[in-house]
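Quick mapping for you: the protein sequence lines, in order, are chains S and H.
In terms of this note's numbering, the first sequence opens at residue 1 and continues consecutively.
In terms of this note's numbering, the second sequence opens at residue 1 and continues consecutively.
Calculated directly from the structure, the hints in this document are not laboratory data.
Incorrect hints may have been included.
[Unchecked claim] Think about it this way: if two alpha-carbon atoms lie no more than 27 Å apart in a straight line, the pair counts; the simulated DSSO-like pairs of lysine-lysine are:
#1 H:Lys91 with S:Lys630
#2 S:Lys30 with S:Lys630
#3 H:Lys90 with S:Lys630
[Unchecked claim] Residues from chain S that keep clear of chain H, each with C-beta distances beyond 10 Å, as calculated:
#4 Thr180
#5 Phe405
#6 Ala549
#7 Ala580
C-beta: ideal position from N, C-alpha, C; glycine also.
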Amino acid sequence: MNQEPPPRPLDCELDEASVSEALSNTWRAKPGLWGAIGNVDHKVIARRYIVTAFVFLILGGFLALAMRLQLSGPELRYIGPDRYNQIFTMHGSNMMFLFAVPVMEAMAVYLVPLMVGTRNIAFPRLNAYSYWVFVTGGILLWLSFMLDAAPDVGWFAYVPLSGPEFSAGKRTDIWAQMITFTELSALAIAVEIVVTVFTQRAPGMSLDRIPLLVWAMLVMAFLVIIAMPAIMFASSTLIMDRLVGTHFYNPAEGGDVLLWQHVFWFFGHPEVYIIFLPAVGMVSTILPTFAQRPVFGYLPLVMALIATGILSFGLWVHHMFVVGLPRLGESFFTASSMAIAVPAGIQIFCWLATLWAGRPIFKVPLLFIIGFIITFVIGGLTGVMVASVPFDTQVHDTYFVVAHFHYVLVGGAVFPLLAAVYYWFPKITGRMMSETLGAYAFWLIFIGFHLTFFPMHILGLQGMPRRVYTYQPELPWADLNLFVSFSALVLTAGFLTFFIDVIRSWRYGPIAGENPWNASTLEWATASPPPPFNFPFIPVVDDRNPLWARSGPEMLVSAGLRTDRRELLVTSVVEALPVARESSAPHSVWPFWAAIATSIMLIWSMFSPWAVVWGAIPIAISLIGWFWPKGAPEEAA
Amino acid sequence: MSRRTVLDVSHLPLHASGTASPTWWGTCAFMLIEGSGFSLAIAVYFYLMSLAPQWPISAPPPDLLPGTMVTATLIASAIPNAYLSRWARKKDLRLVRIGLIVMCAMAVLPLGIRVYEFPAFHVLWDDDAYGSITWTILGLHTTHVVTDLADTIVLTCLMFSRHADSARRYGDVQDNCLYWNFVIVTWVPIYASLYWVPRQ
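Excised from the complex, chain H in its bound form (with noise of 0.2 Å):
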């Protein structure tokens, strides 16, 4: 077969980034899974509260503290998570070095909090079926926080080492700030259900 070249692609940059890149949708592709995941979990949820009596089945409702500082410091690490992405979008080494410093930090908070979330159900796992299913979804987003923060820690050594001056490495930062708000907006309807829906 004979072969007539019409296109000359010598020009291209060695890396797309952004939404052209495929680590983008791959991100997306992982997150839509785990959004539909925790869907499921949400619903599995409202299904169990349909049949029972009463809900929580024989419990008081969840204290509020834990759960909203949960919130509270999750969405306020919305911020610094914006701005590591933009400075991981300009490949500016030393502000990206301190941005993950501090989105590490942000992870280990809401973990260092979410301690004392378990036990703000007063259930648990193996009480009742809504014992089961809150530590299940509490379980699932901090296996989520955890990840993240693992992902987070091996990023940073990575932005210390030799390997950081590169357009790659930048990639990832700013997917692992995607990865982080998809972390960020699922919590919100679990919080809802979670804490506020046992209080109608």
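Looking at chain S on its own, in the form it has when it is part of the complex (with noise of 0.2 Å):
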């Protein structure tokens, strides 16, 4: 063992302009396109899968205005029966899973280190990875949707209709397996997350000094862990039961179809919590930050987030009411999908009491944030409504339970989401969106959202099923339908809005400076955008705002990291004390050759059980080349 290590240059002992300068050489990106798809800055990737995310939404969003042409007077023939049933497949899955989770992901990816003050995320080279096999499952679902051999089976997928007696062919399998894709890379994105919180925080961010976003960021990251292998076991043992003749779902041979809704909304509702925490998250930051105070309630709102996270395991069975359930089940599930309202409870009236306090300012952020409490909450009510077994009885699978999860999902999670484009945008792009056409945006957005999703429920207690494609003109459903079509287009206007505003200000926006809002989290005290390496000096944190806790524009950092290799600060758990001086992996070509062996596996095991076990091998290569030490600086120790 060499005791004596050559001296190696030090931050400290360099002025800050060479600091900046030496740190560039060493972190940022090779050139050409090798190097942007070696690339594991977990700014560029998070920055990809956002993008990619938006594109899934936007396409996700065409499905939508079809279904609402179909639909928007009685016997149309724009689109039949089969192709109906991809679309809603299609829109749902891609919403789901190619959306909404990732995106919540994504934007962790790009927070939650530059909030804990680090300099990219733990295991940068599987956050490669993951997006590279993210995207693979996007294309594999949309290709097939290109070739009219899209899944068609309805986003959960229920045996026995998903199962090899009814649904021949290929397109439940490639449902099946864009699951495992999004699975697998959300998992990878959880673990990274997890790590980064517990290890890589900057000295002096005890737990109780964390931000409410990287908690957030954190319990949705549990959630992942958890709840996620069930809806891998269901997609693999799905395509099993299809090609191998296993009978986990099959009644006659000892299987059971109730196994698979049991085992799916095991997965399905923490999904919901997993798209929603994160919205709280951001709510909670962007909040404080207009009402130029500190957050009213932090330990509550900490102890909700962990308690929604808990709770949100003990809901699943609610989706089941009407399959026909032991009684005592039923009132012990709608029991405890009562107590998740009041996590969700403490959180609004922190928020409201944040606001109260402060001196609000109404920027386009808090605009889509107050949206975000109103239509959250009508969410919420009709989400206590359809606890009730009763009630749910009469509105399951209407247009009611159409209307109550796009409150919540669009209101509790879209709405936020814009918020926080608008809001870390100048940190993302070093630009600033344009205040009035965002105001124009919120406002369609917003009365577009309730004029097309409040008649639905409406139109749920008149007794419209929900995946219809279409209906008699003597119901009286016609009327309402016509003016949700009419409406979605009000909201879709919105939406163009929107994406005209990033498109323009990514462009010509005004600079923003490092901190344009006068926020108090880490992410605001670098440049915007951030360099390659975040921040020159590690931050030190003495206080929960550490940008509002003195009142010059002071920062406390750390110095005593070398700067010819990728080095971070390694912390303790608890206190975030100091413990190591760690290196951060360099880039790498080898995690894209690996999602590349992996899809060709996932695939190629729709055909053949087979390639299972041939298809491994590539995988083993590229894992070996990914891990295989070539001598880099940062692999000393």
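With the hints as a guide, dock the two chains, each given alone in a separate frame, to form the complex.
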């Protein structure tokens, strides 16, 4: 062992300009296409993730418009029943698995390392791998749609409809394998987030100083880790039933169709909170900035996040109230479904108190958050309604449920996400978005949303079932459906305005500067957009709102890291005391090849079980290439 | 923004080891993922059992010999595994090399016996739901043994290469030992469920 390492350049021995220059040389991406593919900067990967997820949002939006066109009048013939089945299945699967979960995780990938004051996410190569797996899964699903071979069994693919007997061909296999792709990528990110939050926080950022968004992303990551194996089990056993003749879901041979619903919803209900909790974190972070005071009730908010996370595993059966379960079981799940309204209520009151006690500045992000609070409360109320078994029996599988979950998902997650885009756009691009266009976008989206989805409650109460491709003229649904379809155009105009604003501001927006909103968290303590190394010096934290802790623009930092290799600080889990100067993996194209090898195996395994055996060989080779030491300074210890 | 340096970290080690290391936490997170998977698979096993008029549905209870031998070899492997972890902590390259070779053998052994374990259930995966879930659980665990074996072989090669003598490599060996303990620990409830529950 070499006990006396040769002297290395430390940041504390250089002046500030030289530190930045030296760090740039060490951290920047290699040039060219392969440099871009091999990039492991969390910000670059998160940006790709966010843009890709928004592309899927637009595609899913087109599908929604197609459905609204078809339903705008009775017995229309724009879309046939088979294509319609594919369209609503694609819309749901795409929005849940290719937009909502990935975009929330991508926000975490971008923001968590910056907010905890470190230089890259933990396991940056796994992060790159995750993106390539995700994008391949998305392409697989959309290619199948182009080829008229998209899944057509609904986004939760109930057996026996999705089993070998009633779903011939490869449509359902494509759905199930798309699930495997997206869950794999989600699990990878969850691990990175947990480890980043546990080991890479800035010195002094003890548990009670962690920003609320980071807490929310941490709870979300744990939900992913515990819930997603269930859906991978479900999708794998479904493929096995279809491909090699297992009998998990075949009652004739001792299997059970309800088993599918149990396993699916054991994942599916936490999934809602996997999407919603990051939104809670966004609201809790953005609101104090525009109220210009610290958030009211930090501890209750953290407790509410954790309580929601735990309770979310005790709700899944409320999706199955009409299948005929024991009465006691139904009562238990009614109680737990209503209980989760308690932490949600605590959050709402803390946010209102923050606004009440502050001096609110009504910029676009705050508008979206107020829109969120109104919409989410309405969605929450219908949620408490459908938690009651008799009421649920009445409205199950009707448009009432469609209205409810769009209120909680769009109201509860997309509104905060749009607030987050307006809020962090200056950090990500270095430019401000337009307040005028933003206000137009907000009002069009807010009004368009309510005009589109509120009447669906009434349609549901009038008995209109979901997933019908048309309805007869004698039924009393035509006028409201036409109204909904026109309202959808208002909503579309809102999103169009939003996207125009994004593209315009990306090129021409006013320069933002480090901290345009006078916010309190660490991501605003570096340049916009941040350099590849995030912070020239790792911040030291002695307050929950580090940027508001001092009157002058002064920041506490640490020094003594090397500049010639990618180095970051590892700190202890509870108190965030510095432990080591750990290295961060350099750029590599191996994660890309590993993702390609994984994709080949997964797609091949829809056709032959032997793919799992032979397909594992290229995966193993690419993983060895990934982990084998190459003599980089980062490997020294 | 002006910066005030309040902390000097230049004296800190270049690598975090043990429970401070990100890879240790990463390994734990992956064990939590796979542990959730195993728990769910066992829950499904009991769910299907609760529906069936008798369990196994239409096969005799599994033969105990191969499964018990796998259990014995797995538990026995915990001893050299613990030694290997200790040697890696002490950074003793010679003993680590020996320990890794032993651990490769200790992973091959249960895999060899497992070939006889599948037929011991007297059922195929496509016979009935009992067959499907037993083959799936056994397959899932076998995948973990194979993965860890592959990992151990690669590590062994690394430790015989010029990259061997580094704190990072010894950390890898320790994490690999941790993961092997996970493979052993998950097997115990599986063994009880697959072999002893059908005899009740």
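Hint check results:
1. H:Lys91 with S:Lys630: Satisfied, since the Cα-Cα distance of roughly 21 Å is no more than 27 Å.
2. S:Lys30 with S:Lys630: Since the Cα atoms of S:Lys30 and S:Lys630 sit roughly 16 Å apart, the hinted pair holds (cutoff 27 Å).
3. H:Lys90 with S:Lys630: Roughly 25 Å between the alpha carbons, so the hint for H:Lys90 and S:Lys630 holds.
4. Thr180: holds, 13 Å
5. Phe405: holds, 25 Å
6. Ala549: Non-interface label on S:Ala549 holds, nearest chain H Cβ at 12 Å vs cutoff 10 Å.
7. Ala580: Non-interface label fails for S:Ala580: nearest chain H Cβ at 4 Å, not farther than 10 Å.
Hint compliance for this structure: hint 7 alone is broken.
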